[in-house]
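Please dock the two separately framed chains into a single complex, following the hints provided.
Protein chains in written order, with the working numbering: chain A, 1 to 145; chain B, 146 to 726.
Any given hint could be a false lead.
Unchecked claim - Pair by pair, the computed Cβ-Cβ distance ranges are:
no., chain 1, residue 1, chain 2, residue 2, range
1, B, L604, A, R45, 39 to 45 Å
2, A, R34, B, R295, 43 to 49 Å
3, A, R45, B, S585, 55 to 61 Å
4, B, I296, A, R34, 29 to 35 Å
Stated by the list, open to error - Which stretches of chain B does chain A cover? Using the computed rule of at least three CB atoms under 8 Å from a CB of chain A, they are:
no., stretch
5, 472 to 483
6, 614 to 628
Everything labelled a hint here was simulated from the structure, so no lab data went into it.
Note that CB positions come from ideal geometry on N, CA and C, so glycine has one too.
If you want the building blocks of each chain, they are given just below.
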Amino acid sequence: MANVPFIGVKTHAQKVCSLYKRALRNLEAYYDRRNVYRYQAVLLRDRFDKNAKETDMVKAAELLKQGEQELFLVQHPIPRCFATSMGGVAHERVVTPPDWVIDYWHPLEKAHYPEYFKRREQRKKEFIAMWEKEYGPADKKEEKH
Amino acid sequence: MNNMKYSICFISFVFLFLMSMINFFFMIYFIMNNMVIMMEWEIISFNSMSIFMSILLDWMSLLFMMFVFLISSVVIYYSKSYMSSELNLMRFIILVLLFVFSMMLLIISPNIISILLGWDGLGLVSYCLVIYYQNLKSYNAGMLTALSNRIGDVFILMVIAWMMNYGSWNYIFYLEFMNNDWEMNMIGSLIIMAAMTKSAQIPFSSWLPAAMAAPTPVSALVHSSTLVTAGVYLLIRFNMMLLDLFFLKLLLLLSGLTMFMAGISANYEFDLKKIIALSTLSQLGLMMSILSMGLPDLAFFHLLTHAMFKALLFMCAGVIIHMMNDMQDIRFMGGISLYIPMTSLCMNISNMALCGIPFLAGFYSKDLILELVSFSNLNLSIFFLYYFSTGLTMFYTFRLVMYLMVNDYNLMSIYNLYDEDYVMLKSMMVLLFMSIISGSFLSWLIFSYPYMIYLPFNLKMMVIYVSLIGGLLGYFISNMGIYSVNKFIMTYNLSNFLCLMWFMPNLSTYGLSYYFLNFGQNLLKNIDLGWSELYSGFGMVKILKKYSGFYNIYQMNNFKIYLFSFIIWMMMILFMLLFNN
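Chain B with its partners taken away, still in its complex shape (with noise of 0.2 Å):
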């Protein structure tokens, strides 16, 4: 059973990575001759509507479909070591598996049919993952995810209903050619807001940290690089048609404050997958607010440099929770970089990355974007969102690392910690590998003439000096002396506030369910148990009770009343016939 359970991981893994290589090739060979194939099956059509199975091949879903490939396959391999102890490994290869089938669904439609057959694929399925560990916080996260997945889910639905009118579903089609239409900006603005649910962003942030439930692979394959750019990558397929819309310029500042309120609730946070979460929710702003300012280039530059990074350090997280025990709180943790010095490598260089320390991959894009902000016309307050979310970046980045790697050890006073074995280390390795090339060969790839940028020195320098004090103050705070003031308690409301993402959590759980639940358990005693049960059930037993008696009267042992009855009946059907002519 063991031998089958591991050669299920190698076959999906080996498929997975071939798949991944093949994408590549075609991937270089359709940029350099310009190609883009588009391919369509005619399903059914009735009344001049025609619903087609249409697929999309260019440049950039093939570089989106190797990145997907080359993570899910790498997560599979760690699966292997990850999960062995696992019971039910072929039902998450499986799960996996048909994930990575939804979003290559995804990938590839220009149809908005088939993308809802991919984007509803993708929210089954990751609630499918979620609830993977069957206990009630799980249970709980699992809900979450799916309800708030549901409400882009049908906000798509909507955009199908009414693309009706058109006669067709492949929406690539219309986005030049109906570009001032005002119903086509209803369309746009639906499809922003179905965006903004799988993206996570502003109203629907809660359900991200949420989704840490799942096991770790699938965060680190589901909810930091794969699913919650479905948003992000959705956006920039219908880009053309978005910008002239005033709901774009809302959209950025709902992702600029996304942004910011991840990277402070990440300081905050004690979890440490739910620190990496909420550092993806921040970088899922920067994507979208990149993107509602009409860079849908920069925006997916920084999508695959981010996923690559952010696979890596999911999975070394994963590693070190495998380590402690199925312990989260890094409050627990410290000192690991001894033990684990290769793991403590890979999440060094993945948090560089993610902070865009020079030559990682994160610099290429995240310096780019940053500078395209401060070259652009922009609200004060947009800019300030941007360059403090950077310091802040840098701020739980920090921290984190501190609490990791340099303080004290903290959960028990004998231990001995290591590394499991090399499916892990190895797995980790491929991702290393492509988190320090990913962003020089995908910026040398996608942009085939530079941007050029003219800033004053300051302006410049801004990046480095917002970096320079989040570094700072990270490595200030969680240095913790014995006098030191406790600055929670002493700003106990506001730190509550910023601690629990503006409360979001329990506004989209119990603020939403709260007074309808209510109102659902007033109905059941007022309605349900009430009226409708004293008129109906209760009532009618009642009256049928009544009458029943009534005959037993009748029937059971009054035989001259029954007797009486019928000589009555007699006389009347005699005095009928008499009196009939």
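Just chain A, with the same shape it has in the complex (with noise of 0.2 Å):
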């Protein structure tokens, strides 16, 4: 990401980008058929193709705040999103706490699972060791848990 000078601050391109990017997603809520939504697709593409070339600035930030407008005005209100990702219905459902955690178990949890406690313990050094071997002892500045 060398050429975004500030985090959150886009250039022009990406701007356009992303509006396109946007406008497809909002084209695929309104045409569920594939190729109904192909052929609005290269549509859109078109509209966009033709101000591609616009050398004038000031010309094409009024183009893009026009785009804005106009995929706001026409938004989707039950946008098409998959279950798993934002806005989706299944977003977050099912959520795997990191191994760390098990580390922070009170010990009297700890003994419900002897076997097992025990085994990662012996793991733990194991993977240690490994890691030393490979990449030298690790900083302990750097240790979090």
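The structure is reproduced here in structure tokens:
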């Protein structure tokens, strides 16, 4: 991301690409048959291509603003999104807790599964040994968990 | 662990199924001998008021209990497979059993206090079930569900408070006795409002589609067949008292509008479960409106048949969602009848029962309802609401079937879809059988004499006309050609309004909470963090600091001032002693 000067600041080209992608997704929500969607997508692409060579930045910025406005006015009330992605029905439905959480169990809780924790401790030692053999000892400052 | 999980499913299934059968035989016995049993235990009595725990067993409560037990048993059997990857299956089963328990409490009580116990239990357990999947969507939906139902609870509490005047809370004794009393009319209005929240009638409709965030077996049991019918059941019990009420006429309008609104929104919706939920809402509107026309037995009849085929429809939807990897959007689906033929069969039959295709469950109740509507002396707008909604039912059903079964599969290019196991199919078969026979079986059982209906030919055929038009429209709307015009964008504002349930979800969430939250924010800024902070917390600290600094000057290093004040003090005491007498 070397060409992005500040996080959140986008170039004009990035803004146009973002608008194009969102417009395509909006079309997908309206036209659920694939062939119909392809036809509409080609029409949309054509509208974008017509102004692709615009060199007058004032005009280009105005066009972008109009495009955003148009998209806002025709956005689908029920956007089509995949179940596990943002806004989908099953988004974050199954959350797998990270592995280190188990290290923070209370000793009494750990005592319920003695064999598992015995093997876990052994494996941790083996893993650390393997890691240090490969990459050298870890820096104490970077230790998080 | 797994075996234990499965065995609790199986034990619950067997228990509930046996209970259902027992209730069935008792119901037959009660109905044959025209029996009613009422049991009462006095819990506490003070100042001529007594609280009873009462149980009322008549054919109606037994029949409803039989249906609830049957549906919950197959739902639990179904969950064994549907929820098999779940870590907390035990919690799930316990919640479902608690739900059934609250429902039983509601069904058998002729006492408003024990009704509140069941009613509140339903609200609480349904909240726990809606937030069973713990993501943001479920939490929001859960809040909306719980708070909407809470309004109904408050109405029931108000009824309890008022009924304290009568000395007892056994409402059935007062229904006929105090029929024309204005106080009883007030109680009736409160009960109607409570029933409207539970059965999601128009101002409170938004929670029902939102509650679809719950797992599908829950939707099959709770949000289609039992919980939402609790309001209808309560009104059936109270019906004798409500008939002369103006509010009941308002209810007729509101429920007619609910039926119409839900039918239209279902045509715009793309979430599979929400479509079915909106269809439930539409049928609830039908039950409520026929109830407000003074035909409680028909409402009860439709309640039972609807419970069967709607639970089946949800179960089929569950199989499809499972197969599609949790995808619920019907725009991704298509052609599934080639891959899961048995489920599609069940789905089609339940859909047909919903539309009222002859000799399936829905036909007997819906047809009778519509004929009696044509027969009675009604406002033209109510008449049109009924018939439009019937056409709309056909409309969204056809659209759904086209999207699911006829159109092409739309998710990915390589796919292999199949029914996962026989557990879900077997449980669906039970309900399939019931969705076919329950209409005729119940109509022979409930109505000891047939309704006599005489109608002109075209009025009689009106149902068929609107159904045909609805079906055709459903077919055309789901067929999309390359050059077809996008009607949604053409009528964007109107479509948006209809699609989002007349903006009701927004109004009952942001619309209600926005101003209060804003007010709260202002209070927080101006009072909590502003004036009251200045005068109590921060201001007090400032004053105390100032004075303690002042005392410090005395105490710390100014020994002379300290001694000087001591001498002055001593002198004052001396003066006082000297001049005392």
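Each hint, compared with the structure:
| no. | hint | verdict |
| --- | --- | --- |
| 1 | B:L604 x A:R45: 39 to 45 Å | 54 Å, violated |
| 2 | A:R34 x B:R295: 43 to 49 Å | 45 Å, holds |
| 3 | A:R45 x B:S585: 55 to 61 Å | 58 Å, holds |
| 4 | B:I296 x A:R34: 29 to 35 Å | 45 Å, violated |
| 5 | 472 to 483 | holds (count 5) |
| 6 | 614 to 628 | holds (count 3) |
Figure legend: structure checked against the earlier numbered hints; hints not met, in rising order: 1 and 4.
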